[in-house]
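Going down the list, the protein sequences come from chains A and B. Take the first sequence: its position 68, counted from the start at 1, is 68 in this note's numbering, and no numbers get skipped. Take the second sequence: its position 134, counted from the start at 1, is 134 in this note's numbering, and no numbers get skipped.
Note that these hints are calculated values from the structure, not bench results.
From the derived model, a few chain A residues whose C-beta atoms are all more than 10 angstroms from chain B:
{"hint": "1", "residue": "M113"}
{"hint": "2", "residue": "Y118"}
{"hint": "3", "residue": "N137"}
{"hint": "4", "residue": "W141"}
{"hint": "5", "residue": "S207"}
{"hint": "6", "residue": "E252"}
{"hint": "7", "residue": "F292"}
{"hint": "8", "residue": "V297"}
{"hint": "9", "residue": "L323"}
{"hint": "10", "residue": "L373"}
{"hint": "11", "residue": "P395"}
{"hint": "12", "residue": "P398"}
Derived DSS-like pairs (lysine-lysine); straight-line CA-CA distance at most 30 angstroms:
{"hint": "13", "chain 1": "B", "residue 1": "K200", "chain 2": "A", "residue 2": "K355"}
{"hint": "14", "chain 1": "A", "residue 1": "K240", "chain 2": "A", "residue 2": "K62"}
{"hint": "15", "chain 1": "B", "residue 1": "K38", "chain 2": "A", "residue 2": "K108"}
{"hint": "16", "chain 1": "A", "residue 1": "K108", "chain 2": "A", "residue 2": "K355"}
{"hint": "17", "chain 1": "A", "residue 1": "K145", "chain 2": "A", "residue 2": "K392"}
{"hint": "18", "chain 1": "A", "residue 1": "K150", "chain 2": "A", "residue 2": "K392"}
All C-beta atoms in this analysis are idealised placements derived from N, C-alpha and C, irrespective of residue type, glycine included.
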Amino acid sequence: MPFTLISLLHLLTITAESHGFSGYMYPNEYELQWGLLIVVYPYLTGLVAGAFILASLERVFKVSALRPIYRLSLLSALAFMIIAPLPLLAHLGHPERCLEMFLTPHTKSAMAMFGFVYAWYLSVVLLLEIWFDYRENIVRWSNEKRGIKKWFYKALSLGATSVSPESIKFDHKMGKIITIIGIPSAFLLHGYVGFIFGSIKANPWWSSVLIPIVFLFSAIVSGIALMLLIYMITTMFRWKQISMACLNKLGELLFYAIMIDFSLELLDFIHRLYESEESISILSEMISNRLFVSLIVAQIIMGTLVPMVSLGIARFGRLPDELRRIVYFIAALLVQVGIFSTRWNVVIGGQLFSKSLRGLTVYKMELFGLEGLFMTILFLIAPILILFVLTKILPPWPSDEKAVIRDTEKVVTAK
Amino acid sequence: MKLSRIPQQVIPLTIIFALAIVALVAARQMLVPESFGKYGHYRADAVEEVASHDISYAGIQVCNDCHDDIVEVKQESYHRGLSCEVCHGPANNHAEAPDEYTPGAPRGRGYCPLCHGYNPSRPVGFPQILPKMHNPGKACMTCHNPHAPTLPHAPEECSACHREIASTKMVSHHTTVDCRTCHTVPKDHWSDPRAVHAEKPTDRSTCGQCHATGADSPKIIPRIDIETHGGRYLCWDCHYPHHPEATL
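Next up, chain A with everything else stripped away, as it sits in the complex (with noise of 0.2 angstroms):
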């Protein structure tokens, strides 16, 4: 996918650029203990949380020019979320160990806690969701298909082969209900994440009640930018014609989504400085030189500014569809590197700095082994891998696509 590469060439440049230590280190402070494996999590948490709000926004909201991508966007979650804890597991070095969790719950531990979040939303909400919704489906196919295929569609529908309306209208009805369950888990899935950086009281950089906040709308952000760039490129190589009506829609959910997001951000920002505690001056020391790149060009003025300038103007200006198209394409990759250096900058920025506030460290990047760069490039392309074989078993789109097309199409017009 275009936007890891170009996430992964923004790291290089990050990584080139960097210098020496500067200042006074406490000398377990010298080398990271979290690096390109925990930014990548919370970044594919937050693909995950953001993809779910969206296809809910199709199912509760009723926003019908979503359409097109409801399946589809749970599917992309459904993908993203089998990758999500094994960034964790490769940095744990012992992935064996984390059924310790199940066996032996650690309440008053949020870390450890973990596996019980993932497990809700991976099961009773994700898996619970996607086969109610294609439970009619996949009864259909059990039927029509031959062979293998035809066993494999009777073992998915678990021997709920009734089709009768009122069962249909009771799928409808319990997609429904969990999605409603879904919402707040979402949100507790990816608020957790930024929970447990917010609630490391010691560090400056993270300890803000903000932080599970700002995750939250980072992923919203982020999962629907990653929507739009999926829809675009799944469309365009199957050849079929894309939605404007959703596009459209989909730009404008995250031209909002964008701004509230970075009044978020701002928020926190003039707080900090405001505040100005005795962190501040490291903080903006890191901020000038460690973090420049990723911070202010990356995330601020990449990822940030200009996808939200260029989707208003995309999206309330007067622009022929085609090129619409191309800007929201381009933003929707750049937020995604923007969001990636979001990730970067909370995760590598929180430990660039010494506890005495007198110095900064870098960041080395391995290459290869565990948590090396290479690693991370396999668990990014993981998810899309795993969502190409989703659409293989389950086909998110509707035989008569174009009339669906075209129904929402209508819909939003006569809106």
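Chain A is fixed; fit chain B onto it per the hints.
Frame of chain A; chain B shown alone:
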């Protein structure tokens, strides 16, 4: 509710979730160790397991039974806080059978710098040396008695004990300013620094002797108005005296 009125989908799902929960409960039954959680979030038996390991460190009281002369000397010395086995290694088997096992001793130059090698995070005044520069080529114990490391003679430089400050000052604008210009140091501070304290400047006049507008000092020294500059604060509230900076 009649069984037939339960929607068909609910049945397999209920079974799956029930199975998952049963599996979790069963796994907990089988895999969580018996004594888990007795004292806290860990396996209580682990405590006994650890306790049942062979003892390798005997502790200083045991050494005292046979080496009371050394213990006594050490107790009076700068190394009073150190345990014998910090240097001699685990010696329980020696204490039980002194003729069979003899513990080693760090007779070379490599070991002592683990504690005494220069490291800026060590506390103020902790005796530190740069092993490469400090009497190289000879074992530490040729000059220092490891059990009573009183110095052969008092150090000549403040840097012997204040390495961090001295090396900071060395590369600062104050490199030419001697420590004693600002600090009054009683003679005994050199031999017994914890009992006899050196003095720190208390008012602005210390800095004024060089930096005041009318001070009798070399021309290149930057001047300030000692009355008004910096308001009512002490000079070192803003300038670190060992590495003063006027511009960032």
